[in-house]
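Spelled out from the first residue to the last, the chains are:
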Amino acid sequence: MRPILAGLDTEYGFSVEGRGAEDQIDDAKALVRSYPGECLPSWDERSENPRNDLRGFRLGSLSRDPEDAKFDEGRSHGPASEVRSDRVLLNGARFYNDHGHPEYATPETWSLSEIAAHDRAGDLAVLRAAAAYGETCRGDVRVYKNNTDFHGASYGTHESYLVPRSIPIDNLVNGLMPMLVARQVLCGAGKVGSEQGARCDYQISQRADFFSEPINAETLFRRPVFNTRDEPHADPAKWIRLHVICGESNLVSTATKLKVALAKVAIHLVETGNQPMWRLADPVRAFKAVSRDPDGEGRIDLEGRSWTTARQVIESYVVPFLACSSGDTGPYATEMREHLGTAIALLEARFSDPERFARSVDWAAKRAVLSQYVDSERVPWSDPSLQSLDLEYHRIDKGEGLFQVLLELGAVDPDPTEDDVLDRAINVREATRARARSIAVTRFRDQLATASWGTLTFNTRLGEKCVQLPPEKTYPVTLERCATVEDFIMELERT
Amino acid sequence: MTIYAERTTRRMDPEPERKLGDDAGPSKPDVKRPGGPNELLKRMKRVDPDQAKKYRQRSGQ
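Taken in sequence, the protein lines are chains A and B. Throughout the first sequence, residue numbering follows numbering that gives the first Met the number 0, covering 0 to 494 in sequence. Throughout the second sequence, residue numbering follows numbering that gives the first Met the number 0, covering 0 to 60 in sequence.
The following block holds chain B by itself, in its conformation from the complex (with noise of 0.2 Å):
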């Protein structure tokens, strides 16, 4: 699969550093989880985590 540059036409703003398990992301929403966390985690650990970044779609409607 030929990767592309990133698209030239959007702009980013830079990304600032983070380090792991600092004050990342949206606060953690009081929900309780869905059922069955366990099996949840599991399917999520066993998707390839670079699949977002191979990813890539033409522009449609």
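Okay, chain A solo, but in the shape it has when bound (with noise of 0.2 Å):
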């Protein structure tokens, strides 16, 4: 089986006492500048352009929030790369100023585990930054590791996953859309109220008000529930990079692992040409159906009249994978029908034992715990207080933050240790790219000039020399060995 290489790029909100939206930007760009660890203040941004559609063509211009507009009449930011304010951190992972939002991209990881505990080591250097910023602006700076402001903005969680160039593009939007739909119900945040159409009281995903197309490139507005970005951060003529966008920010590191392994397993089924062929009626309202059936099995209209459920479309992948990867004990394999039978049992324990479900994913989590609070107090969903207890789940402050107190009384499936955690944050523990990365910022980082998911640039004693890394490669600990930056870009060509 092909490992598939992945990250997990997370925009968090925040907020900084006496500041609005209307400050967000500069102070975004303030406070990933105040990030107090080592790293590389550069990215080599010349290989992306967001603009690029997976079906062949490039678009124009890309749609904004014409209410985010409205922000920045008569005010400048500055240049692009200096509103950005990118830093490539020792673990090379990358941090930046993404429209207004700190945003942590992870290094590319192998392993359902890898990538949950780099999500992990995401939340700590956006908390080193915000309290360095914090004593600078000498306010109160809270972060938020969620989807939305409650009055109609969203910022994004976004997978990315490497997949092969040779994949039809139709037949990864048919084979991915029923499990982007569906897996939401073990991976979505979970949401108090609506922020489009009919009111409701609690659903499963925080970004499903969001989607209003099945497909298109955009990520600003107009959202799609397939994306069809096409920056593959890789050699074009092999590669795409899959861009996830309508995953949401989880806390339970169970639900990380979930939301991760839902999507590889159906990338491995359209790779194999094993996908179940479901037709959706209508993937947006779809998804929006399920979001909203929290207490059903969130029902999903087919073509030609029928209808199945979110449960039955996850089984339908999950299921011929257990069969079809049984005879492969390779660490990949067996970590991915570890945490897809974890799946099946919490599909099965959604009704049977909801006490069990509710300490693997979020939305149950949260409905659980602001349920007590709506009985206690008598207060009606629709109380103001009960989206500003929405919103302290996920404040990712320790000690702070519902989830925060959650895990430390037990009652949500255990963190990443803090050791693996402290250690993600300026390690990579995998043959990835990402290694190659961490392994120049940490140790040659006078000569880097710049980096990128795909290059390497130096300034040697010959003069700048751009390296390629190649995601199918593995990258060996060995090369932390290199004497010199020369020794170091011979053994990366070498590789």
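Just to be clear, a hint being listed does not mean it is correct.
Using 20 Å as the maximum straight-line C-alpha spacing, the simulated EDC-like pairs for lysine to aspartate or glutamate come out as follows [as the list claims (entries may be wrong)]:
hint: 1; chain 1: B; residue 1: K53; chain 2: A; residue 2: E194
hint: 2; chain 1: B; residue 1: K53; chain 2: A; residue 2: D25
hint: 3; chain 1: B; residue 1: K53; chain 2: A; residue 2: D382
hint: 4; chain 1: B; residue 1: K41; chain 2: A; residue 2: E407
hint: 5; chain 1: B; residue 1: K53; chain 2: A; residue 2: D22
hint: 6; chain 1: B; residue 1: K52; chain 2: A; residue 2: D200
hint: 7; chain 1: B; residue 1: K44; chain 2: A; residue 2: E376
hint: 8; chain 1: B; residue 1: K44; chain 2: A; residue 2: D382
hint: 9; chain 1: B; residue 1: K53; chain 2: A; residue 2: E16
hint: 10; chain 1: B; residue 1: K52; chain 2: A; residue 2: D22
hint: 11; chain 1: B; residue 1: K41; chain 2: A; residue 2: E399
Keep in mind that the hints were calculated from the coordinates and are not lab data.
Mind docking these for me? Both chains are given alone in their own frames, and the hints should help you get the complex.
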């Protein structure tokens, strides 16, 4: 089985005492620049173009939320690269200001437990930067790992998966779409209320209200369930980066791992031609319908007037994968099977053992906690305090956010250990290309001019040298032993 | 902090009037509460009930 390289990027919400959304770009820029750890303050943007579409065309421009444009009337924030304030951290992660949100993009990983640990290392990086910025601006800075402000603004938690370009885009769309719609029952972050359409008290997904089209390359406005941005960060002849934007910011690590595992299982089945053949009548409507059915199975209408449920869709991917992969005893397949087994068990537990379900699934954990408040205070779910508590669930400061309290009480599945998170904040433990980036930033930062997902550019005695980092290669730990940057470059080119 | 008017691009259906204690919200899930209910409740009662009203973000991706 080809291990699928993956990464998560999270745009964090934050508030600064006495400041508002009109100041958010300046604040996010200053927050990122306050990051107190060692880093490379550069990012090579040359290979990035968010307007290319996987369907073979290029957008003239990307849509922007008209409400956000009002914030910037008559204001300039400076050159784009200054505003982004890119940092490459010691673990090879990218930390920057994306549209007014501190964004942490994890190093690339193969393993599910590694991606969960690096996701937590991202929380740590943002918290450290926020604490440093709070000292500078002498105000309370709070960080929220969520996807909505409850007033119609959403920000994303995206996934990236390395997929061969040889797979036809239609196969990917048809093979992935049902899973993207269905997996929210295990990976939704939960939301009090709604920001579009009919009012509801509580829904499974934070993002469902914001999808308006089944497929397109937009991300800021007119968001799709299936994003077709074509920005491979690798050899474009060989690879695409499947950019999944309909996932959510999970706080329970189990949910983070399941989110990635369920997308990967769909990709594996598409790659081998074994994907289930669901034909959704309307993916956008189905996404919203599942989100708004926290007490039901989540009905998904199919073409031809038939219908199915989120559970049946997920099982239709997982069961054949478990059967097909049983002979593969490698660590990647073994870990995938373990977590997909958990997915099946949770689908069973959703109605038969809701306590078990709420230990692993964010939307259910948050709902259970908030229900306690509703009962105790005798307030309706429409009371404004409920959205405030929803927000507080996602506050990531240790000892502050409601999820942090649940963790301390042992009421949800445990996080990666603190030692692992601290280690991943500065190291890469897999032989992915992120290891090379991490070593370059850690050991050869003085000679490292800039970096990107696919390249490292050094200043050497012989001039500027750009080294490619093909994602399909493995990068051995022995790279750490290189004494000079020239040795390092030579070893990279030999791997 | 400047509070902007509600976004006009996203229309909400009118919210039905509700009374305290009426049949509001999703049915109570049959979930045993997470451990330490008093601690959680105390923590929840310390949250500014209007913090979500004040929380405004720009759209991200």
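task: Output the numbers, in ascending order, of every earlier hint that fails for this structure.
output: none
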